[in-house]
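Enquirer: Given the coordinates of chain E, work out where chain L should sit on it, guided by the hints.
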Amino acid sequence: MTHTDWPLWEVFVRSRRGLSHTHAGSLHAPDAELALRNARDLYTRRGEGVSVWVVPASAVTASSPDEKDPFFEPSADKPYRHPTFYEIPEGVKHL
Amino acid sequence: MTATVPTTAALALGDDALVLSHRLGEWAGHAPVLEEEVALANIALDLLGQARVLLSMTGDEDELAYLREERAFRNLQLVEQPNGDFAHTIARQLYFSTYQHLLYAELAAHEGPFQPLAGKAVKEVAYHRDHAEQWTVRLGDGTDLSHDRMSRACDALWRFTGEMFQPIPGVDVDWAGLEASWLTSVTDVLGRATLAVPEGPRTGAWAAGAGRQGLHTEPFGRMLAEMQHLHRSHPGASW
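Protein sequences, first through last, are from chains E and L. According to this note's numbering, numbering within the first sequence proceeds without interruption in unit steps and concludes at 142. According to this note's numbering, numbering within the second sequence proceeds without interruption in unit steps and concludes at 266.
If we strip away everything but chain L, and leave its shape as in the complex, we get:
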């Protein structure tokens, strides 16, 4: 299966949504409060819906989700990072949903293969972004403990954020402009949250990020094993 899947733009965007959706699904039953549990599940379901549309643009959605090996996935390394504590999940959501919102807004505004999906999904991701921003501010500007944890989470994931702005062939947007808007927005939110903008590199030798090339971080294999286990145990079954 690995060799036969062509790398397409739809696959890259679809894998982002699929993998992050799975990570958020892992929170079910474990969120800090019931209301937050519902919010995370809502976001996970939105992303899964997007993934289904995007993967279907490339091939059979179930085959693509359940029968590809790690090296054939084209998602960002950011979205495959483990949930960690609530602050880590929120930092990951902040970085990714800000990116996804800016990207989808641009895709929705211009004619192209992604316009129908983006036009619909941009409202969803605007909500995801708002949710992440609200929580970043509350945790950052909360107690000393929540401030420290939020700060640590933002630092830890910072090195994965440069990868988001590597141009994806077939996605016709202004990547440099996207990155500038992203940085402005994230800087603003971190400022409101009394958090410092992390100082580490986002691109270059000491940064991470080669998910688009099929190179993934260690926790991703375990996530895939869990996600694909049932389908691989009963290949060809219908559900």
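Isolated chain E (complex conformation):
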């Protein structure tokens, strides 16, 4: 059996108390419906109250490692680009 018809899917899971979906891993499935079910078996152990996203790996566009420097260079010598001087009030969460 070949995997020609079984594309790769990326799985994102939000745990019951989680705030956002986190990349959990990947799997093979013939379509989105079965990818969801496989993800549930493989990555959630059927814990209730979780949300799962599956995305065909081919739909993900990633930044290129070769262009890492120009892409992510933080311009550390320009402090005005980094608003880090503010005191954050205590009531603010998840910042």
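Derived from the structure by calculation, the hints contain no laboratory data. Hints may be right or wrong, so weigh each one.
The calculated label-pair distances, taken between Cβ atoms and stated as ranges, are [stated by the list, open to error]:
1. L:147 x E:103: 33 to 43 Å
2. L:64 x E:134: 50 to 60 Å
3. E:104 x L:34: 49 to 59 Å
4. E:120 x L:53: 54 to 64 Å
Where is the CB? At the ideal position from N, CA and C, for every residue including glycine.
Expert: Below, chain L without anything else, positioned relative to chain E:
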């Protein structure tokens, strides 16, 4: 051991779960893809959990599982059928999990000895049913080859399905209503899968099914021999 085990409703339902669990366990390492392997093992583990609760309602679960002879088992003949190809396994899952889901939903809704188990297990079997339906549709409505194989599997197991609706003494449900719902649901899934509803009889002279009376099909003895071998070789050992 054969003579001393009373036939109870818990034994019938427990044997269904135990035997099917063992059959699904045989897929370990042999499923078409890794992901499906995990799914089948998950279903097997759910069923084994149900079997443990049900058998414990009648006696010692290990003694009941490992020391009874073939004629003392009360499972449906459907669940003891060999795995065959993937389509056969899926057809068996479709027929059985649809039945089990409808039955457990009813048991969970009414007070009785099976309510605690059914209330918990009904979520599991809903998933088993969904899994079987998804695969029936994909194989039936897949390639010409998968369509033929799925069709052959549904036909081959059809004659075992009438037995599921023989009333079990001590299980207080509307069996005729259960059978009607089962037929509606299976007809719907087969239709979505572009498969014909098999034409053979489900009950009567040409149908199979006397597992509840302890009469089993030929492959079952071999399955039991494998399942019970270690326990019988070392009786009384603790594991």
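Enquirer: Determine for every hint whether it applies to the structure shown.
Expert: Cross-check of the supplied hints:
Evaluation of the 33 to 43 Å hint for residue 147 of chain L and residue 103 of chain E yields a pass: the beta carbon distance comes to about 35 Å. The given range of 50 to 60 Å is respected by residue 64 of chain L and residue 134 of chain E, whose C-beta atoms sit roughly 54 Å from each other. The supplied range of 49 to 59 Å is met by residue 104 of chain E and residue 34 of chain L, whose beta-carbon atoms lie about 53 Å from each other. Range check, residue 120 of chain E to residue 53 of chain L: Cβ separation about 57 Å, and the 54 to 64 Å hint holds.
Of the hints listed earlier, there is not a single one the structure fails to meet.
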